[in-house]
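*Asks:* Now for the letters of each chain:
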Amino acid sequence: AQKVTQAQTEISVVEKEDVTLDCVYETRDTTYYLFWYKQPPSGELVFLIRRNSFDEQNEISGRYSWNFQKSTSSFNFTITASQVVDSAVYFCALSEADNAGNMLTFGGGTRLMVKP
Amino acid sequence: DSGVTQTPKHLITATGQRVTLRCSPRSGDLSVYWYQQSLDQGLQFLIQYYNGEERAKGNILERFSAQQFPDLHSELNLSSLELGDSALYFCASSVGPMYEQYFGPGTRLTVT
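Protein sequences appear in the order of chains U and F. For the first sequence, this note's numbering gives the first residue as 985, with consecutive numbering after it. For the second sequence, this note's numbering gives the first residue as 8, with consecutive numbering after it.
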């Protein structure tokens, strides 16, 4: 069965600090997809990134970067030079290709608070 | 704005009642998903439809049902409501399997 663990329930940083959100997943499938979503205080879920299991290249998008390591089953998310607007709950999610559907299994989320 | 719309935004109802939540996917998306977000259960997958057909079921209660119509909009029906059904219900859509899902703003259901 698939499982996603986000061990950090809450992180507090001061603006301009770098912060890494951890995500560890479990799956028996060889083909799967990993995602990160952001849920700001307004409540909507915003898609950030999708990565397939065959692509271990790190990805950078502005201040955001993602580190995918199959050897440790981790897909960590780093925000560089954090800003107050980054305050949100961040969810890591997994989808297995072998499932009849492709539902997302979410981790418990990490609440990030960026203080000015 | 994800392009996924959900109505209503808020819903307050009493125990034992029945409600219908509505979702319109992004233009061109064939897959629709329903998720429930509650404090104790987190974000949980309920059910998926693809081009009108049920594709997958998660931990959806028997009191809950859904359907996807020919115009691809979807409805989630919740009946015999209990206090524990109070949650944020999200609809999401994607172009197809394994693509990223875009979420609507959610419907906050409060059962009193």
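Don't read these hints as lab results, they were simulated from the structure. Fair warning: this is a prediction, and the values are worked out from it, not measured in the lab. Certain hints may be false.
List time: in silico EDC-like cross-link candidates among lysine to aspartate or glutamate, alpha-carbon distance up to 20 Å [unchecked claim]: (1) K1022/U - E107/F; (2) K987/U - E1010/U; (3) K1099/U - E1080/U; (4) K1054/U - D1006/U; (5) K1022/U - D8/F; (6) K987/U - D1002/U; (7) K16/F - D1070/U; (8) K1099/U - D1002/U; (9) K987/U - E107/F; (10) K1054/U - E1028/U; (11) K64/F - D8/F; (12) K1054/U - E1043/U; (13) K1054/U - E1010/U; (14) K1054/U - D1070/U; (15) K1054/U - D1039/U; (16) K1099/U - E1010/U; (17) K987/U - D8/F; (18) K64/F - E1080/U.
*Asks:* Among the hints numbered above, which are violated by the structure, and what are their numbers in rising order?
*Replies:* Hint check: 3, 6, 7, 10, 11, 14, 16 and 17 fail, others pass.
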